[in-house]
Amino acid sequence: DTGVSQDPRHKITKRGQNVTFRCDPISEHNRLYWYRQTLGQGPEFLTYFQNEAQLEKSRLLSDRFSAERPKGSFSTLEIQRTEQGDSAMYLCASSSGTGMIRYGYTFGSGTRLTVV
Amino acid sequence: AQTVTQSQPEMSVQEAETVTLSCTYDTSESDYYLFWYKQPPSRQMILVIRQEAYKQQNATENRFSVNFQKAAKSFSLKISDSQLGDAAMYFCAPVKAAGNKLTFGGGTRVLVKP
Numbered sequence: 001d002t003g004v005s006q007d008p009r010h011k012i013t014k015r016g017q018n019v020t021f022r023c024d025p026i027s028e029h030n031r032l033y034w035y036r037q038t039l040g041q042g043p044e045f046l047t048y049f050q051n052e053a054q055l056e057k058s059r060l061l062s063d064r065f066s067a068e069r070p071k072g073s074f075s076t077l078e079i080q081r082t083e084q085g086d087s088a089m090y091l092c093a094s095s096s097g098t099g100m101i102r103y104g105y106t107f108g109s110g111t112r113l114t115v116v
Numbered sequence: 001a002q003t004v005t006q007s008q009p010e011m012s013v014q015e016a017e018t019v020t021l022s023c024t025y026d027t028s029e030s031d032y033y034l035f036w037y038k039q040p041p042s043r044q045m046i047l048v049i050r051q052e053a054y055k056q057q058n059a060t061e062n063r064f065s066v067n068f069q070k071a072a073k074s075f076s077l078k079i080s081d082s083q084l085g086d087a088a089m090y091f092c093a094p095v096k097a098a099g100n101k102l103t104f105g106g107g108t109r110v111l112v113k114p
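Chains A and B supply the protein sequences, listed in that same order.
Heads up: the first sequence begins at 1 in the numbering used here, then just goes up one per residue.
Heads up: the second sequence begins at 1 in the numbering used here, then just goes up one per residue.
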């Protein structure tokens with residue numbers, strides 16, 4: 001297992017376009033999290049899944065954002081009609097249910113989105 | 001909701017010296033855990049150290065140690081014998097024991113001077 005993988009690493013898109021990011025968690029981990037991090041700031045929680053169920057969504061996640069984890073494995077985060085304010089690093093992390101308290105999250109390297 | 005404050009945007013330390021990063025948090029929970037994460041430039045975040053709130057003993061992990069003051073809701077990180085590879089952003093993050101969501105502070109950038 002190579003850890004948490006995110007694709008793409010970088011994405012440049014024009015304002016108004018739709019973008020989709022993918023996250024492949026550690027295979028044994030049933031929890032998957034999405035965070036957004038702007039330059040010089042700490043990560044902000046967006047949403048999290050336990051298996052295929054999306055259990056919590058932040059108010060930061062506007063109607064233009066949608067996340068899925070259809071089979072409880074990989075997850076996608078889609079942003080529709082992108083705005084310049086969406087420019088950020090999008091981080092994915094995973095954990096096991098019992099291991100989260102002991103080991104915290106395992107993070108991916110992130111997808112950096114630039115909206116021009 | 002938890003709030004986390006890291007009051008030092010940037011700290012500079014000489015190689016081999018010690019630096020302490022501060023973190024305060026606000027929570028209504030009685031049982032929780034606290035984490036420090038490191039984010040090197042252009043690299044992924046990794047866990048540095050964790051502390052159980054019910055334990056009075058401060059956690060230590062090699063050159064990294066914490067000073068946990070539960071009543072004051074303070075959780076500082078001490079890096080001893082600083083190395084060039086310690087240069088990174090450091091984030092404090094509490095989580096309630098029955099919870100699942102880490103709440104991160106704004107981070108402290110650590111610069112290590114050779």
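Hints are not guaranteed to be accurate.
As the list claims (entries may be wrong) - PhoX-like mimics (lysine-lysine), calculated; alpha carbons at most 20 Å apart, straight line: (1) Lys-96/B <-> Lys-73/B; (2) Lys-96/B <-> Lys-57/A; (3) Lys-73/B <-> Lys-57/A; (4) Lys-55/B <-> Lys-73/B; (5) Lys-73/B <-> Lys-101/B; (6) Lys-55/B <-> Lys-78/B.
As the list claims (entries may be wrong) - Covered by chain A, according to a simulated footprint, are these stretches of chain B (three or more residues, beta-carbon under 8 Å): (7) 15-27; (8) 45-58; (9) 62-72.
The set of hints was computed from the structure by calculation and includes no laboratory data.
Idealized CB from N, CA, C, for every residue including glycine.
Structure versus earlier hints, numbers of those that do not hold, lowest first:
3, 7 and 9
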